[in-house]
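Based on these hints, arrange chain B on the given structure of chain A.
Top to bottom, those sequences are chains A and B.
Residue numbering for the first sequence follows my numbering, starting at 1 and increasing by one per position.
Residue numbering for the second sequence follows my numbering, starting at 1 and increasing by one per position.
Keep in mind that the hints were calculated from the coordinates and are not lab data.
Backbone N, C-alpha and C fix where the C-beta goes; we use that ideal spot for every residue, glycine too.
Since no wrong hints were added, every one of them can be taken at face value.
Per the computed footprint, the stretches of chain A lying under chain B, defined by three or more beta-carbons under 8 Å from a beta-carbon of chain B, are:
id : region
1  : 114 to 124
2  : 321 to 328
Only pairs whose alpha carbons sit at most 20 Å apart, straight line, appear in this in silico EDC-like list of lysine to aspartate or glutamate:
id : chain 1 : residue 1 : chain 2 : residue 2
3  : A       : K78       : B       : E36
4  : A       : K823      : B       : D27
5  : B       : K50       : A       : D213
6  : A       : K58       : A       : E12
Chain A residues, not near chain B, derived (Cβ > 10 Å throughout):
id : residue
7  : G25
8  : D75
9  : E247
10 : I549
11 : R615
12 : D635
13 : R725
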Amino acid sequence: MDKCIACGTCAEKCPRKVDDRFNEGLIKRKAIYVDYAQAVPLKYAIDKDNCIFFQKGKCRACEKFCPTHAINFEDTEKRISLKIGAVILASGFTPYDPSPYGPYHYRKIPNVVTGIEFERILSATGPYQGNLLRPSDHKEPGKIAWVQCVGSRDTHLCDHGYCSAVCCMYAIKQAVVAKEHAGKDLDCAIFYMDMRTHGKDFERYFERAKKKDGVRFIRSRIPTIESLEGSDDLVIPYVNESGEVVEERFDMAVLSTGLEMSRDGLKLAGSLNIDLTEGRFCKAETFTPVRTSREGIFACGTFQGPKDIPQSVIDASAAAAETGALLSSARNSLTTKKKAPEQREKTGKRPRIGVFVCHCGLNIGGVVDVPAVRDYAATLPFVEYSTDNLFTCSTDTQEVIAQVIKEKNLNRIVVAACTPKTHESLFQETMVNAGLNKYLFEMTNIRNQDSWVHRDNPEEATEKAKDLVRMAVAKVGLTSPLEETEVDINQRALVIGGGVSGMAAAKNLSEQGYRVSLVERASSLGGNALNLYRTWQGENIQEKLADLINSVSTDPNIDIHPDSEIVAVDGFVGNFRSTIHTGKKERVIEHGVIVVATGALELEPDEYLYGKDSRVVTHLELDARFMKDDPSLKDINTAVFIQCVGSREPQRPYCSRVCCTHAIESALHLKELNPEMKVYILYRDIRTYGEREYLYTKARLAGVVFIQYSVDQKPAVSANGDGLRVEVFDQSLGQSVETRADLVVLASAIVPPGNEKLAQLLKVPLNEDGFYMEAHAKLGPSDFPTEGVFLCGMAHYPKPIDESIAQALAASSRAVTLMAREKIQVSGTVAYVNPSLCSGCQVCIAICPYSAPSIVEEGPFAGKAEINPVLCKGCGLCVTSCRSGALNLRGFEEGQILAMIDEL
Amino acid sequence: MPQKITGSVLIIGGGVAGMQSALDLADSGYYVYLLERASSIGGGMARLDKTFPTNDCSM
Chain A
1 MDKCIACGTC AEKCPRKVDD RFNEGLIKRK AIYVDYAQAV PLKYAIDKDN CIFFQKGKCR
61 ACEKFCPTHA INFEDTEKRI SLKIGAVILA SGFTPYDPSP YGPYHYRKIP NVVTGIEFER
121 ILSATGPYQG NLLRPSDHKE PGKIAWVQCV GSRDTHLCDH GYCSAVCCMY AIKQAVVAKE
181 HAGKDLDCAI FYMDMRTHGK DFERYFERAK KKDGVRFIRS RIPTIESLEG SDDLVIPYVN
241 ESGEVVEERF DMAVLSTGLE MSRDGLKLAG SLNIDLTEGR FCKAETFTPV RTSREGIFAC
301 GTFQGPKDIP QSVIDASAAA AETGALLSSA RNSLTTKKKA PEQREKTGKR PRIGVFVCHC
361 GLNIGGVVDV PAVRDYAATL PFVEYSTDNL FTCSTDTQEV IAQVIKEKNL NRIVVAACTP
421 KTHESLFQET MVNAGLNKYL FEMTNIRNQD SWVHRDNPEE ATEKAKDLVR MAVAKVGLTS
481 PLEETEVDIN QRALVIGGGV SGMAAAKNLS EQGYRVSLVE RASSLGGNAL NLYRTWQGEN
541 IQEKLADLIN SVSTDPNIDI HPDSEIVAVD GFVGNFRSTI HTGKKERVIE HGVIVVATGA
601 LELEPDEYLY GKDSRVVTHL ELDARFMKDD PSLKDINTAV FIQCVGSREP QRPYCSRVCC
661 THAIESALHL KELNPEMKVY ILYRDIRTYG EREYLYTKAR LAGVVFIQYS VDQKPAVSAN
721 GDGLRVEVFD QSLGQSVETR ADLVVLASAI VPPGNEKLAQ LLKVPLNEDG FYMEAHAKLG
781 PSDFPTEGVF LCGMAHYPKP IDESIAQALA ASSRAVTLMA REKIQVSGTV AYVNPSLCSG
841 CQVCIAICPY SAPSIVEEGP FAGKAEINPV LCKGCGLCVT SCRSGALNLR GFEEGQILAM
901 IDEL
Chain B
1 MPQKITGSVL IIGGGVAGMQ SALDLADSGY YVYLLERASS IGGGMARLDK TFPTNDCSM
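Only chain B is shown next, with the shape it has when bound in the complex:
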């Protein structure tokens, strides 16, 4: 008998990568648990001032 598959995902890390995975999966019909050690999401990118090569504001 095939095992029943669970439609939820655990994502460890709420930086730019974890958030993108979470958004894509939630928008595709899966329940997402996003685990983050810090008190807010954003990770390393939130600490950057501008990003190359467009010099866009990182926030």
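Chain A on its own, in the form it takes in the complex:
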């Protein structure tokens, strides 16, 4: 494996063609292969089941042609024995295979594909290079149907009673992206039962797809897909909104196939003796969401249940946090600290520049004449070496770059490739490993800013690439090595909010060996959970909550500040200084990281007679009566739950995520108290995602009646002498129904508590709905763009207790990865002042968003500005605002910028 340079000769020479499993068999690959160009590690592997040599004992073509002798037919499976402290199970899911699902004729009708097949069809690295084509005749489809809940919410054709939680959103995304590919005329129809867009910003995406992109949403369970005689087209019969059965022709159909535990996963769970759920996923309790039934074994991702990427990432960090707590006494015992080689001093030496021009596969090389750019670069002043690479970012190229730096004695590097946003740090690391200061580097973007935008003009694109390289060479020649300031990281964490999220984060941080200050606005810990009765899994919340409060209150590592509020946050990552007000007392805490766990509130409704009639209550008010064992609940004859009160409406266009499950859980409890009670749930879409679906099924079996209403025809609640009267237009019956009720329960929206002030203090963003905005919707759900600040619980988005605790653990894990470094490097790209030019006008102080400039108070330069390099983010605002020309930005000096302009 060390010898393979991924040149691809072996695959080119291999005579055996087989189905490409990565692309769902839609195209062929060879028996020696890599799955895709960016694969890590980028090494070819032999598919033993299909290799001619392994099957018939002859061939060895790959071995013959491999230029590095990397092929080893004698390689065998080895048993390795490892000593480990803990295990994390993250073996993922398998997409449901709809072949046994007779009525949809998958694999019998070629234009019926699965969700993952359609994903590959849309992909630029997929079978049709991103062109939207249907498999049978490679023609562009004009009409596509998506059929939801294939292998989910179905106990007839498969034993999957759960909801797969991701298919509604992936179907909408595929429809929207398909329209982007094919143009607005493409007709996309999604056939669904309940539209489940319960994640952050998902509801907005759904509304946009419906209203702006013109995706059709049809609430109908599809019984069968038939082929249209004499063509490759399909016919789908369905019941339309008027209740009539109609047939519609489509060019292709996508089955939105669900998720299931893989056979390997089941075997693994069996051999480790791990408890599974009804849906055959890994079982976990609400207050310990990533622990399995065996101590020291944790689980995350879809091994644990159907879930989307952000939730998988959250659970993965949570599993790391739990592992860290378990093994904290052995931290750093087996790891080694990376030691960078000594930097060779290069100041004042004549520049010796190396230029690396990247093909980026076909991304750049398919448009720009890369060899011509390489040859041109070699003619530029001070360039001692220039070359081109298929992927300059690949692991083997890094070794080549490091070697060339040493051999050619280079002291400046230019990479002409993609965007520095994603790849600059990689090349800088390579330079550091080769003994160069990482700032003696320049990256120029000949992909996003050239080959992608000038695809139709390859000659001019090549000229532009030369211009960009010439400018980069001019700039890097004038660059000098920069120093990075190193500061200690304070090993204390500040957790804001004492609900379940804040407490779970504080507890884990303490278990991992850090001290915590926990600030809570109220006089006691617990937050919203104090008002909740039972989890969807049936656990008693108050018992578990009391345990959590007790363990946090008695933890010597955690200082609790009740009745307190943060009024100021100074400093920066690793060295924050926060001011806390407790009553009239003021206190300053020094800490290295911040975890935001400020939660959310139940909206006070202003409709359905709430506040005017005591028989109309919210979920939390009903839970309070459950907890008190209110005897009058047994006497209720009719209870009506109304869903989406204040959620999914124009003024609050998001789903509050927890209310469907909560309503069903409460409805079931009412039925337990009095099985004769009539219980109605008026809903728009039931969103019991994942295994919560079992609760929905249970409620229907228990006789809870579900009535679907439309937001245009909301239910009406009125009061008369003997009770409440609820009237609603039933969408499936197509007529109005009414009932007398003794109790109306409103699923009131979950709203942010007014985060603006704290967000400003922390310099972190909020989204349009007022919840905190994470660093990355998929891959950084518990981080903020501001370094050293982390996010969890309902401050991020409405969520149930298990997900809140998982994210609290995740925030803790993310915080620990920072604190464990103990020291932090501050970027060398910072502003500096030439005091002899500074007029002391203080414009830089006014304009800097990071409070980096200040006025020198004493000494020869008193009254002049100075920059604190630790606070400076290198944004350059002060440099452009300085009217005396006293400010400059290291790495972007005026001379460098002018040299670039001169070259243009």
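Positioned in the frame of chain A, the structure of chain B alone reads:
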């Protein structure tokens, strides 16, 4: 006598979840063994085209 704790972790599965656990633990001072059945890491996410709700490229 308390048992000596080993500062290493075995993670089974190199998809997005396994990789995130591995990164967090390695950055926190633990030695990680990441086990993956396929010839490269990435799992299911590597096969997706774009991700919702931002339509970001999945790679």
